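Work the whole structure out from these sequences, hints included.
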Amino acid sequence: DIQMTQSPSSLSASVGDTITIICRASQSVDIYLNWYQQKRGKAPELLISSATTLQAGVPSRFTGSGSGTHFTLTVISLQPDDFATYYCQQTYTSPRTFGQGTRIDIK
Amino acid sequence: EVQLLESGGGLVQPGGSLRLSCAASGFTFDTSGMSWLRQAPGKGLQWLSAISASGDGTYYADSVRGRFTISRDNSKNTLFLQMHSLRAEDTAVYYCAKDLGVIPAAIWGQGTLVTVSS
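These protein sequence lines map, in sequence, to chains U and S. Read left to right, the first sequence gives residues 1 to 107 (the numbering used here). Read left to right, the second sequence gives residues 108 to 225 (the numbering used here).
Simulated from the structure, these hints should not be mistaken for lab results. A few of these clues could be false.
To be verified - Simulated pairs of lysine-lysine, DSSO-like, Cα-Cα distance not exceeding 27 angstroms: (1) S:K150 / U:K107; (2) U:K42 / U:K107; (3) U:K42 / S:K150.
Please read all numbers here as calculations on a predicted model, not as lab measurements.
The structure is reproduced here in C-alpha cells:
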C-alpha cells in the first residue's frame, strides 16, 4: 500500500496567517491527490483534486501544488472558517490511502 | 442538489453483521462510481471500498476484504455495504461518497455510526 505522511500533525495559527501543509507519498502517485477539509462533527469536503485543481466554491486562498511524491496545501490569509483538520488522499491506486491529518487550531 | 443519506448503523455485538445503505439523489446514480469510507472516534479517515458505476468493478482495503461487500442497486439509486464478522476496531462513522467525473470520493454523505461492542 502507498503510505501518505502529512506534516505537521497540528499547528496553531492566527487569522491572517499563511500556512502550508506537506503531504508525502511513499511512492509516486503522479498528480492523483485530493485534499479535504473536515470540520468538527462534519463530513469531509473536497477542496482540491488532481493535486492542484480547486473545486467549485472553494476560496482562492487555498492552493495545492506538487506531483510525484511531494505535495503541499497552502492557505493564504487564514480565515476563521479555515480552522479545521485537513487530509490528503492519494487516488492513484487502491487502497486509496489518506494522510493522518493536520489540525489547524487558533493560536 | 446531490444528496447522500447513509442509514443502517447502530450497535452490534462482536462477530455480528450489519448492512449499511446509502440513498442517493440529485444526480444520475448509474453513471457514478461510489465509495465507502470510515472514521473511528477521534481518528483519521480510512478508505474501505469502491464500486464502479455499473457495479462490475469492486475494490477493497485489506482490512475489510473478505468481511465487507460493497454493492449497488442502480434501479433504486442505493449503495450498500454488507459487513460481517465485525470487530471492536470497526467502530466508526461510515460515510458513502460519490465520484465526480474522474475525481473519486468528491462528495460525501453525513455518515452513520456503527458501534461494535458487547
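Structure-inconsistent hints, enumerated in ascending order:
none
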